[in-house]
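**Student:** Given next are the chains, with one letter for each unit.
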Amino acid sequence: MAFLVGALMVTIQDASTYATFEMASKKTPESVTVVGQLDLKEPITFNSSTSMLRFTAVDKDGERSIVYYNQPKPTDFERSEEITLTGLSSGDTAFFAQNILMKCPSKYADEAQFSSK
Amino acid sequence: MWALAGRFFTYLAFTGALGTAFFYGLNWLRPGACSGADELGRPRPAHEPFLRAGRGAFALHSIGVLGVLTVLLTAILSHWFEFDYVWRHSSRDLPLEYVFSALWEGQEGSFIIWIFWHAALGWFLVRGAKTWEHGTMTVVGLVQLVLTSMILGIYVFGVKVGSSPFVLIRELPENLGLPWTTIKDYMIRIPAFRDGQGLNPLLQNYWMVIHPPTLFLGFAATLLPFAYAVAGWIERRPLEWVTPALPWAYFGVGVLGTGVLMGGAWAYEALSFGGFWAWDPVENASLVPWITLVAAAHLMFIVKKKKTSGGLTAIMVMLSFLLVLYSTFLTRSGVLGDSSVHSFVDLGLNGQLMLLLGLFSVGSLILLLVRWRSLPRSSADEAFSSREFWLVIGSLVLLISAVQISFSTSIPVLNKLIGPEGLVPILGEAMAPPTDVFRHYHSIQIPVAIVISLFMAMVPFLRWDSTPNALLKRILPSLIASLVLGGLAAWGLKFDQPMYTVLLITGMFSALSNLDLWLRYQGGGWRSSGQALAHLGFAFILLGALISNGKKQAISQNPVFLHKDFPANEHILIPLGDTVSMHPYWVEWTGERVEGHFQLFDVNFYGTAEDQSPGKKLFSLAPYIQMNPRMGNVREPSTKHYWDRDVYTYVSFADMRSPEEKASGWTEEMDATMGRGEEVFVFEEYMMRCDSIIVKSAQMIEETGDLATLDMAAKLTLKHMDGRKETIEVPYGVRGNEATPGEAEFVN
Chain A
53 MAFLVGALMV TIQDASTYAT FEMASKKTPE SVTVVGQLDL KEPITFNSST
103 SMLRFTAVDK DGERSIVYYN QPKPTDFERS EEITLTGLSS GDTAFFAQNI
153 LMKCPSKYAD EAQFSSK
Chain B
11 MWALAGRFFT YLAFTGALGT AFFYGLNWLR PGACSGADEL GRPRPAHEPF
61 LRAGRGAFAL HSIGVLGVLT VLLTAILSHW FEFDYVWRHS SRDLPLEYVF
111 SALWEGQEGS FIIWIFWHAA LGWFLVRGAK TWEHGTMTVV GLVQLVLTSM
161 ILGIYVFGVK VGSSPFVLIR ELPENLGLPW TTIKDYMIRI PAFRDGQGLN
211 PLLQNYWMVI HPPTLFLGFA ATLLPFAYAV AGWIERRPLE WVTPALPWAY
261 FGVGVLGTGV LMGGAWAYEA LSFGGFWAWD PVENASLVPW ITLVAAAHLM
311 FIVKKKKTSG GLTAIMVMLS FLLVLYSTFL TRSGVLGDSS VHSFVDLGLN
361 GQLMLLLGLF SVGSLILLLV RWRSLPRSSA DEAFSSREFW LVIGSLVLLI
411 SAVQISFSTS IPVLNKLIGP EGLVPILGEA MAPPTDVFRH YHSIQIPVAI
461 VISLFMAMVP FLRWDSTPNA LLKRILPSLI ASLVLGGLAA WGLKFDQPMY
511 TVLLITGMFS ALSNLDLWLR YQGGGWRSSG QALAHLGFAF ILLGALISNG
561 KKQAISQNPV FLHKDFPANE HILIPLGDTV SMHPYWVEWT GERVEGHFQL
611 FDVNFYGTAE DQSPGKKLFS LAPYIQMNPR MGNVREPSTK HYWDRDVYTY
661 VSFADMRSPE EKASGWTEEM DATMGRGEEV FVFEEYMMRC DSIIVKSAQM
711 IEETGDLATL DMAAKLTLKH MDGRKETIEV PYGVRGNEAT PGEAEFVN
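First to last, the sequence lines map onto chains A and B. So the first sequence is residues 53 to 169, counted in this note's numbering. So the second sequence is residues 11 to 758, counted in this note's numbering.
Where hints are given, some of them may not hold.
Result set (EDC-like, lysine to aspartate or glutamate): computed pairs, CA atoms no more than 20 Å apart in a straight line [to be verified]:
no., chain 1, residue 1, chain 2, residue 2
1, B, 725, B, 701
2, A, 78, B, 446
3, A, 112, A, 91
4, B, 725, B, 753
5, B, 729, B, 695
6, A, 78, B, 439
7, A, 93, B, 681
8, A, 93, B, 688
9, A, 155, B, 748
10, A, 125, B, 681
11, A, 125, B, 665
12, A, 93, A, 115
13, A, 125, B, 580
14, A, 79, B, 205
15, B, 316, B, 475
16, A, 79, B, 439
If you are wondering where the hints come from, they were derived from the structure by calculation, not from laboratory data.
Produce the entire structure from the sequences given, and follow the hints as far as they go.
**Tutor:** Here it is in structure tokens:
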């Protein structure tokens, strides 16, 4: 029983919280999860020689940040209505995403969500 | 017509399930007959008409389920895209073998396959459960009633009950009343309906033909122990139910385990995340019931042999079935939307799913509480050296493992319940899933695996009641052998985490000791091999998972990185015809070719030569991209298997333009916003400067003073890196409210 409670405590402590870019920059080098939107007004570029995607995201507080992601652009990236970024902030210049999950608006596109991994 | 038939079979299945539950239940619980057996365990004479009615109703239910399956399969095979389900999940060019994948790709279809397995397994109870038939079949009937309600697709007082796979496109709520729905031949007239949406390209893999039915058979198998447990506890026979339920528990362990492993194989072969297990919520949801079922199945032996631990066993059995229901809820309710890569779309059935889950959970809990006193009191504590003592401890360890995985997987659910915007706001801020899932799960699951492998190595040598010390000496040879072998292997493998080394040794210990047990003490015959070989096999799975994960490394290291805490880049660009070093190989990309829907990229692997010149060709791989205009392109890996290692490749990025397009010299278009005097770096080659904007002509409408036409041009200078300069003029016009772009010209 004590083990069970212990394991549960460790697990709860390990759960992270949803952060904004500002909170993320304070928590560096700890990894956080930021939920936000893609800023379509800013360019989305992919550098194939470093395999680095660069885009701008807006968090729930409306703060903008440049995001780097060392994977190619996920399918239907521009169509996402919400993106969940897991990663860490460099301090104040950019956010480095290790993982991106997208929420797509279309009922049928939802089933194609697999490919974002 | 066929849609009507489908509906009819659905209602038949539903009514049949209702009848099964009703008549079996009536017979079971009729006054003075609390049980299928009397006090001495002899079968009670059943009330024949009720028994026949119950069996008849279950037969009708089964016919209904088969009918539903047949109609849906026929519809997919015949490409009747008028069925919304067929239109959404299949297409004309779908290869025959994937018809089944299309069948269970959607929620409705996967419910049907689950219901089908329940119905099939139900017949084993009708034929073989004897005195337990009434009780277990009542439970089966109730479960089937609830599950078939999920595919009813009717509205009761405005509330949607279930979602039917037989809804026609014109009958969809969002299409009702639209003008085209009245056109008779709308399927032909509207181009979008001439072909289906197609099966998700990721699911077009042979594993997706066999993985879901196996997994669902495993899920369905948890129903039988559950039905026995409920029947047993209601009949105040809280121990006796275990004996007939035990084979089904092990059947479930085997099938569900196989299903989970198949999922892993599919993930490794067809998905490009580079592993067989990602601790994804959907994977976890199928693993957790297996863990509790393993615990339950082991505990059932204690009940059978020692007549103790009846309470814990019933809890574990019921938990396994409830966790299967919970996992369906997790994957289907859409609650995992932002934490899982593969969850179903929300069909608006959350209320119904929660009701289903709540009903069975609360029912089981009440049953356990009310009947807890009917458990026989155990006279003495179990001895420390007894098998039953350690089996109980082992099952509790498995419970810890299950609790951690469930808890972390349920974070989105917890947010919905107690998060800041949840039903009961307790938490100040929403919890997010752990950012490093591997570290998070491994911190608990690896210690659990170590303890479990130790138990697997030693507990089979223990005896019921108590074990003489002399017997314990039997494990010494395998202990010493595993310490030596494990130590050597650990020295060779050089794990960077000490926990991995410990698990390597304990895993080896459980493999060797079970082999020893079978060969030296159980005679080595096939008939007695079950227990030892099952443990041996599981030990191998642990070892295999450990070594493949612990020694996984990206050979395609890209030296460019951005931040010291950012993981090194694991993708490397290979220009066409170039050779790139990937230690210990040299890799050359020779070309690409198109085969049907696949664009293949041929890469050759050469051995390293000491003088840095490429050595001889070792093997070729062809990772490919599955092109799917509707669902997006999907990258598929290609793997070279060696006995001791795999070389795993996939294309993470490629220029997907057609060869003609690439040869034409046109590059992809790009946007730039600039004012006069401003400069933008374009196409990674030119500095583009806006020199001036010239108004060429303007006309006014005299009466209103509004602008009628306006012709302008932007003068841009393109400066090349080597100093060359070119001037272009981009015309732009406005006619009333419309813009008329023009083609750019070089001016010199």
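**Student:** Give a verdict on every hint.
**Tutor:** We went through each hint and held it up to the structure:
1. B:725 <-> B:701: Satisfied, since the Cα-Cα distance of roughly 5 Å is no more than 20 Å.
2. A:78 <-> B:446: The hint holds at about 19 Å.
3. A:112 <-> A:91: holds, 12 Å
4. B:725 <-> B:753: holds, 13 Å
5. B:729 <-> B:695: holds, 9 Å
6. A:78 <-> B:439: Holds - the C-alpha atoms of residue 439 (chain B) and residue 78 (chain A) are around 17 Å apart, at most 20 Å.
7. A:93 <-> B:681: holds, 10 Å
8. A:93 <-> B:688: Holds - the C-alpha atoms of residue 688 (chain B) and residue 93 (chain A) are around 18 Å apart, at most 20 Å.
9. A:155 <-> B:748: violated, 35 Å
10. A:125 <-> B:681: holds, 18 Å
11. A:125 <-> B:665: holds, 12 Å
12. A:93 <-> A:115: It holds: about 14 Å lies between the C-alpha atoms, which stays within 20 Å.
13. A:125 <-> B:580: Between residue 125 (chain A) and residue 580 (chain B) the Cα gap is close to 15 Å, so the pair holds against 20 Å.
14. A:79 <-> B:205: Given that 20 Å is the threshold and the Cα spacing comes to 51 Å, the pair is violated.
15. B:316 <-> B:475: holds, 8 Å
16. A:79 <-> B:439: holds, 16 Å
When the structure is compared with the earlier hints, violations turn up for hints 9, 14 and for no others.
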